[in-house]
Amino acid sequence: MTAALRFDPIRLPPECEQLRKEVRAFLAEEIAAGTFDPHQPNREDTDAPEFSRRVGAKGWLGMTWPKKYGGHERSFLERYVVTEEMRVANAPTRRFFVADRQSGPVLLKYAPENIKMDILPRICRGEVCFAIGMSEPNSGSDLFAAKTRATKTDGGYLINGTKIWTSSAHIADYMIAIFRTSPPTKENRRHGLTQFLVKMKQPGIEVNPIQQITGQYEFNEVVFTDFFVPEDHVLGEVDGAWKQATSELAYERSGPERFLETYYVLTELVRAVGKNPDTRSAEGIGRLVAQLHTMRRMSVSVAGMLQAGKEPVVEASIVKDIGTVWEQALPHRVRDLAAFVEETATNRETLENQLSFAIKTAPKLTIQGGTTEVLRGIIARGLGLR
Amino acid sequence: MAESENIVAETAEKIFADLADAQTINRDKDGAWKAPLWQALSESGLPLSWVPEDCGGSGASLAEGFSVLSAAGRFAVAVPLAETMLAGWLLAQAKISSPDGEMTVAPASPKDRITLNADGSLSGKARGVPFAKAAKHIAVVAGDAKGLSIALVEAAKCRIDAGLGLGGDHSDTVTFDKAQPITTRPAPKGFEQTHLMLMGGVARSLQIAGALESMLEISVRYSNERVAFEKKISKFQAVQHNLARLAGESAAALAAATSAADAIANATSFNDEVFLEAVSAKIRCSEAAEKGGGIAHQVHGAIGFTIEHILHRYSLRALGWRDDFGSESYWAVELGKLVAVRGADELWPLVASR
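Each protein sequence line maps, in turn, to chains D and Z. When you number the first sequence by my numbering, it's gap-free, plus one each residue, and the end is 386. When you number the second sequence by my numbering, it's gap-free, plus one each residue, and the end is 1354.
So here's chain D without its partners, still in its complex pose:
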């Protein structure tokens, strides 16, 4: 076999089901208390600091990290359950999600001890928000074209340049960013970029919000002008960021957030068609549920492989490719199927509002966190085509 793809039928262990009950009970309480409305995905929810702290207090942030840094030393599969339940409930996770999924693990691996002891426990308590500084005005998918400079100075670096499309930068306490410390070499165009920890909300950083087609302001432009970053904020090897990116990508790409972002419209469609759907609606819903179930089984399988210490980079890329294409098409399929829903369906207005938002959200799903084209390139490499 040239392409030995593996998707073993991993099952969530029994402790996950107890945890799932706890998460559902917690979310039900939050909904009852008015923290958020699960039927309204289109709210401005970037800032839900109290909710974030309560999730931290439950022990659901930094779940897999060492206890010494405030973590809980639980499994990736348990984290998976928390993530999917939050996502399905449309809980306001934006404030802690990036730190928990991505930034924390990077710090764990590359930050000096004093920084780990300072920041990781605060992530676990839900107190800090992270942004990721990758894209620049002339460097998107082509990460290694980044030009924002980090110039060596006494005790650290001076940063000059602009990051863009930076989600949550306007509320973030920290950013993990890549900056250029050396020019690329002839042999390796990926050489010369270094990963840094940046403390936000300081002079020398200007954050300009950018409105998206959904009407929301998640994106920002972040301009650095002679901004000082101390030496110990370098994460990993100077000029060697390209070596550090790949292993984390499997976590970032294969989670439930990669196919559940527009899930709410499917639930609402099922509600709208009622107990006796016509054949067309039944078939449409049946196919969507079969596709959803399959993707989730693929995604859980990758989570299980990660838990077992494997690096299923190709499998994770496949999950994100198929998952994001599916969640992107979902609102359009639901719209097709909803065309003949009775005018009298009590949730018709909710469904229409949700569809309007989901359809506007859809285009970003195959762009953020690695475009479909980039993913297919990675899969092709895994197949031995490159």
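No lab work stands behind these hints: they were computed from the structure. Ideal Cβ positions, reconstructed from N, Cα and C, are used throughout, including at glycine. Check the hints yourself; a few may be wrong.
[Stated by the list, open to error] Which chain D residues face chain Z? A few, computed with CB under 7 Å, are given here:
| id | residue |
| --- | --- |
| 1 | Leu5 |
| 2 | Ala282 |
| 3 | Val289 |
| 4 | Thr294 |
| 5 | Leu383 |
Once you've looked at the hints, dock chain Z against the given chain D.
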């Protein structure tokens, strides 16, 4: 995969590699390969994998049997191995011993019904029965006012109108006109015809997933050999992205089918959760057969459209297997109805239960 699963699957793989090589079979117009292949499979006890030893079988686990079907799919095996396994499984449900030789099952479509008459004979018509023409015996689910029975019938006692499926394998209409079975026993309590359809559907899902694995492999290989515009076509981004999509369809089919097989192998009943797994596999694998097979052909160009090339052995069988034991459209309607009856707020708990 457990150790013993590996051994059973490896035995099957070895037999297929030795005696069911696609290239050899494709050149052999007389079907001379069939008898030695069936003999080797029978000597290894594979056709009766799911029959307990006291019913004349080899008593392998459900999981082991499913792994044999994955291997059969990877070789697009065109003998009634899956069908005989299913027949043996069905007969064993009613503690009926399996005879030697090729078997198949009826009905093979969820809409067909066979009636058990008061005199013990069977009446009714089963369409799209795979390999009925090649079978010596047929394992039948039949009903009367008291409920369902399972019967073993000699194929010679039935009228069999030959038909061909997309892959060129027999897909026949079997008419039971007062056909007297060899043995009839009541089906166990709780048994439904749907259970046979789900088992058959998962078998076909595994076969489709296996065929897609092979289609991916031969498509990747071909793209690394074929030169056009002065370079290997695997170096063109458009081709790479097509193959990445084929890998995605193959992966989805593999995940859905093995998950469903695992669910059935570990279940004590065919409840809603097992139903979700089994019909999702049939739906998603059938969709993958269309999308994935289409890409495999696109990558191969004209050569893949010729009868001399082996691609059609996989692509057409995968498409044909969609129709057996309920099409994806049929099961999608059934799944949609189940989801609707359970209600909107029970959808996520159902999905998350797996």
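Cross-check of the supplied hints:
For leucine 5/D, the interface hint holds, since its Cβ comes within 7 Å of a Cβ in chain Z; the closest pair sits about 5 Å apart. Restraint check, alanine 282/D versus chain Z: the minimum CB separation of about 3 Å is within 7 Å; hint holds. The interface hint given for valine 289/D is met, as the beta carbon of that residue sits about 6 Å from the closest beta carbon of chain Z, less than 7 Å. Against a cut-off of 7 Å between C-beta atoms, the interface hint on threonine 294/D holds, since the closest Cβ of chain Z lies about 4 Å away.
Checking leucine 383/D against chain Z by beta carbon gives a least distance of about 5 Å; that is within 7 Å, so the hint holds.
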